[in-house]
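Colleague: Here is how the chains run, residue by residue.
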Amino acid sequence: MMLFLNRFLCFSVFQLLLFSGLEAAEAKPYRIYAITFRGMTDVEKGFVDYFKTRKIPVDIVFRDLARDANKMPGFLDEIRRTKPDLVYTWGTSVTLGVVGSVGKVEPAKHITDIPVVFTLVAAPVLAGITNDLKSSGRNLTGVVHVASTEAQMRAMSSYRPFHTLGVLYTPTEQNSLVTLAELKAVGAKSGFKVIERAFKLDADKKPIANGADVLVRELKQEGVEWLYLPPDSFLGTLAQKTIIPAAMELGLPTFAATEQLMQAGALTGLVSRYYSIGQFTAYKAEQILVGKVPPARIPIESLSRFSFQVLLPAAKRLNLPPPLSLFDYAEILTAQEAETP
Amino acid sequence: MLSLRNKFILAALIACLFAVGMAGFLNYFKFKRTTDSLLQSRMVLIGTHVETTIQSALALGLSFPEIPTVDKLIERERASDSLIQGIDIFDNEGRVLYSTQKGYVGRVIDSASLQAAKEGADKPFWRIEAREYLSVGIGLQNNFGVTLGQLVIRYSRADLDLRTGNMGRSLLFFSLFGLAAAFLVLLIVLGALYRGFLRDLRSFEVGLSRALDSDGKARLLARRSMNRAVDEIADVLVSAHGALDAVEEKLKVLR
Amino acid sequence: MNQAYLGKMYWRLTGLVMLVMLLVLGGLSFFTQSAFEQRLLPDLVQKAVTVGASTRSLILRAVDYGIDYSNLYGVSSTFAELRKENPEFAYIAATNERGVVLFESGERAPGADQYYSQIALSTPTDASATPVLLGAQYVVSLPLMIDDKALGMLHFGIDQAYIKGVMREVLLDVLVVLLVSVFFTFELLHFVVGNKLEAQFGALAETVDFLGSGNFVHASRSSADARKAADYGLVTGELALSQKIDAALSRLFERYRELALRVSAAAKQGSTLSQQIDTMFSALSGKYRFAPEDSAFLPSAIEAPYLERIRTPLFVFLLAEELTRSFVPGYANYLLVDVPFWAKQIVIGLPIVLFMAIVALAQPYLGPWSYRIGRKNAMLIGAVLATVGFMGTALAGDLYALLFWRSLCALGYAMVFVAAQGYVLDHTGEHNRARGFALFVGVFMVATICGPPIGGILADNIGYRWSFLVSGLVALVSIAIIMGLPQERQSDGLRELPLSFADFKRLIKNQRFTSLSLFAAIPAKIILTGFCFYLIPLYILSLGNSPAMAGRLLMAYAVIMVLVVPLAARFADLNIRRERLVALGLCVSALGGFLMPFFDSIWALFVLVVLLGFGQSLSIAAQGALVSDFCRSEECNLGEGAVYGAYRLLERTGNVLGPLLASIFLVLFGYGYTFALISLLVLLASLVFALASGVFRAPRSPEKVEA
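Protein chains in written order, with the numbering used here: chain A, 1 to 341; chain B, 1 to 255; chain C, 1 to 707.
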């Protein structure tokens, strides 16, 4: 029911946009200032392509933070100077650097008078970007790239039903703690047990990579049927080299929360394709630029349809072929695709 | 002027006509709806298959008007079912992007389809019943829920009409046959009932006539329940005459 | 020999017709069933082929990715999913190249294994799907090929029970039709056979009664009536009986007259004996009636056939309106337009509210009007208006048009209703008025049994518009039948005067009358129209059911009424106080509503309707009787007609309030609580009425009752 309603609403909004889109076609291009975190990704490709197919003239300036927070003030100055029509921010750090967290916004430093559209943020409420996904209440909106924990669990059990789930996480990452709590809540509701292992911390409370494979083995011994890979930054750095190989060794299937983890070799996952995320971000930008909708009135959303990806070589190695119905709608990744992220 | 018996039969026959007619009517429409929904669900099934394929392509980042496999796919689907007249895919402005019909691409779809798509936006699929064909349409959405266009499958109406027409004729035949049978049975059964009715009346009449002719003195031996009234009348007549007799006797004495 | 004999005769006849219908419909169902099976099968097979093709492509894709066919995972659950989406498939299986079942969902038909291995060997390339009947399944098999190499086969078992189920859904409607046919046959008998036969029977029966009681004068007159009626066509085709009665009577009269002369001559003698004779002779006329001067004015038996003649036109006309009962709200919903500041539910209720309001308000004026222009003419005008109204409703473009045309229907309905009532009044005297109204109510009830279910079935199959057109046609037929009514003799009619405001005020001051009206009559109508005419048809649609179901429920209500009202009347004759019956009936009718917040099923609605019918039946007759109990003094002054007129007017405001209240509650609380809330209101009203009329107090002593 909600789906139909949603469909309907989108339809009418779309019609509205169409109309104004045609009008705008002859006007001068919209100026967009885009800041990325680690260079160009498929997100930007989807973003640019969207405007192209919609024939909306845009003039996009790309700036790369290259994981270096020191570059941020220069970008902010440039934004103030050039006064673009819209600012695009990639990831949580960039977004926070541009708009500041709720309650700690410094008007002199952060951008408040230019609409901001963020993308690829896993948990905007947790990150302090907004208090409410329905409306930011600020001059910004954006796109979340992680599917709800419940949807991920449904996807996992549709691949192979399970009773016990293993999770690895970094205890200092707020994001992971929240995911863990959500997992337990969903588990209590749908009747599965969650067994977790935290990465060890050093004296500076920094997580250490040593012993990660041991943790995987421990989980296997505890009888977990799946290893869930949450959107955890530290885990992301270990996934391809240590964690996933260890799990494969033990015959333990892995479920990825992000496309990045999928590319690291996880068996399956419910993820957002970066390209689609980019298109959705552009759609929101279009609403602001062409539809003249205030950003605060545009909800912060994830895609309505995620990609259910399966890495076929992993499935064969684990002797866990995907359920027949998945061949209808899942993206079956063969080895070559997986190896070239 | 119809005789009473024939009136009975006429009434019964009209009632049977009503019942049999309604039953035939119900069966006819049930058949029509069942066949219709079977055909429709088949078309929706095919449509959904195309929809899934298009959505996978969209998720891979292909732009909606430029998915290379769609032309072949819809042609294959059309060929797979003899009922299908054509499959078209059009965008929100009604511009046909893909079609199984040559020269359709680039044209604007009929306004009925556009209208139906607009009204059916909140339903899983919509349908049109035109004079020459039927069609079902399915909205095509990208993976953030925006409707990009519609898929419409046109299929033959003649087939459905032919089949329901045949069923209608069969039902009509059955019904007429049933009515004829009912008429025969009624003729026999109501005849018997009517004879019983007449017998009751006759015996009443005979009994009453006899009682009246004899001023109540003659009674019938055979008693039917309704003849109790006859006895009563006979008694009254006898006693009335008796009372008059008594007066007459007295008068005789007086003289 | 009496009227009851004829009634028995009709029922026996109806029973026989029913039996014949049952046989014929049974036979028809059998043939239809096989025709259905034969003709639906190709479509089902084709669907299996379509579903099979997509399943096949799925399996082939998986195999293409290098997964071993026998090693596929989740195939059975995919099959189970397919079966859930397509209930006509009882079984889906995939076999290997030797015909051994690898994956399956549903119950394997007996002999399937053998069949699978058999066809696996013979023609694995045969793509033309021919169904084979195994057990209760038509099995369709499709080959699974990859690069000309047979992988195995897909098998779809089409459920024979599914096809039977399609028929079974019709069967319920056919049963409803059968039940309606019973009443229909009965009415038809009255129409085709009735008038004349009944007239003759009536006169004859009366003659016999008079004869039996020694009332020879009246017997003679009735006999003349019978002869007159017999001119239409005698029962047995002979006039002898009537002549014999006359002969026997004239013999009696002859003797009597002769004796009378002799007795009066003898009386002149003045002797004791002659005096004795005179006394004796006078005593005779105490026991028997010989002389015309003994008789007062006698309403002729010939009135009865005139009375009976209102039956069919009234029935046909009421049927036209009753047909629409189950789908008027649905139609309003269909034609709905946005009316600013009005909630949707209230707008949907408007056509009913307006209809009821017009009927209620017009009635007091229409009575005298129909008297003035003649009952038949009034009925004709009403029927014509209603016919136009129905046709217009069928073509209505939007809700405003619907409101207009329905108003026309309402006016026509009120005219016919009032004129027919007047007709009954005109053709009955004090002694048989009750019978006249029983006839009126009976016709009304039969129409409420037959109309809604048939109308629902029609709306379900041919749509709202065509159904209204059918109503229009039925109304058109009623015009033709009304034209056959006799032009009445104006002089015999009872004059009804419109109720004056002063009289109304006087009645209102009668507290018992007011409490009866406010706390019993109006609530009873509120719950009736609110539930039956508004909430139920809409709620049924919201549950995803068809108007036919609403029609069945309304029929259930009417059937309960027909069954229980006579029983309740017997209760009322027993020494049960009428106030108690009224309060109890109201309570019972309200009970069902409390189920609705908890269950949203048809069965709960069925219970509600049965309780409603039961409660209304209990209280309805008692309510009417209480009016005259409560208003003895007013009745003497204002006349019975005026008192009842006022009562009915008040009662009918309930008809207007019912759908109005229901729609307002519906906007605020949703279906479940609306049912419950109206029930609660009615329950409270019944309590207030019970308290006000002293139901809970000990029975009052006889003296007090007198006072």
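A few of these clues could be false.
To be verified - Below are the DSBU-like pairs computed for lysine-lysine, each with C-alpha atoms no more than 30 Å apart in a straight line:
(1) 55/A to 104/A
(2) 134/A to 72/B
(3) 7/B to 376/C
(4) 55/A to 30/B
(5) 250/B to 268/C
(6) 376/C to 250/B
(7) 217/B to 509/C
(8) 118/B to 344/C
(9) 287/C to 252/B
(10) 200/A to 184/A
(11) 268/C to 134/A
(12) 134/A to 83/A
(13) 220/A to 109/A
(14) 344/C to 123/B
(15) 134/A to 200/A
(16) 292/A to 104/A
(17) 118/B to 292/A
(18) 7/B to 244/C
(19) 241/A to 292/A
(20) 45/A to 241/A
(21) 7/B to 8/C
(22) 220/A to 184/A
(23) 244/C to 316/A
(24) 206/A to 189/A
(25) 55/A to 7/B
(26) 376/C to 123/B
(27) 52/A to 72/B
(28) 316/A to 292/A
(29) 52/A to 118/B
If you're looking for bench data, these hints aren't it; they were derived computationally from the structure.
A quick note: this is a predicted structure, and the numbers were derived from the prediction, not measured.
Colleague: Going straight from one Cα to the other, do residue 376/C and residue 123/B come out at no more than 30 Å?
Modeller: With a Cα-Cα distance of about 53 Å, the restraint between residue 376/C and residue 123/B is violated, given a limit of 30 Å.
Colleague: Would you mind confirming whether the straight-line C-alpha gap from residue 376/C to residue 250/B stays at or under 30 Å?
Modeller: violated, 59 Å
Colleague: Please verify whether residue 250/B and residue 268/C have alpha carbons no more than 30 Å apart.
Modeller: holds, 15 Å
Colleague: If you draw a straight line from the CA of residue 241/A to the CA of residue 292/A, is it 30 Å or shorter?
Modeller: violated, 47 Å
Colleague: Hinted pair, alpha-carbon criterion (30 Å max): residue 7/B, residue 244/C. Please report holds or violated.
Modeller: Holds, at roughly 28 Å.
Colleague: Check whether the Cα positions of residue 7/B and residue 8/C lie no farther apart than 30 Å.
Modeller: The hint holds at about 17 Å.
Colleague: Is it true that the CA of residue 134/A sits at most 30 Å from the CA of residue 83/A?
Modeller: holds, 27 Å
Colleague: Just to be careful, I want the Cα atoms of residue 134/A and residue 72/B compared with a cutoff of 30 Å; is the pair within it?
Modeller: Violated - the C-alpha atoms of residue 72/B and residue 134/A are around 42 Å apart, more than 30 Å.
Colleague: Can you confirm whether the C-alpha distance between residue 55/A and residue 104/A stays at or below 30 Å?
Modeller: At roughly 38 Å apart (the allowed maximum being 30 Å), residue 104/A and residue 55/A break the hint.
Colleague: Assess, step by step, whether the Cα of residue 220/A is no farther than 30 Å from the Cα of residue 109/A, and give holds or violated.
Modeller: At roughly 49 Å apart (the allowed maximum being 30 Å), residue 109/A and residue 220/A break the hint.
Colleague: Compare the distance between the alpha carbons of residue 118/B and residue 292/A with 30 Å, and conclude whether the hinted pair is satisfied.
Modeller: holds, 24 Å
Colleague: Holds or violated: are the alpha carbons of residue 52/A and residue 72/B at most 30 Å from each other?
Modeller: Between residue 52/A and residue 72/B the Cα gap is close to 26 Å, so the pair holds against 30 Å.
This entry does not satisfy hints 1, 2, 4, 6, 7, 11, 13, 15, 19, 23, 24, 25, 26, 28, going by the numbered hints stated previously.
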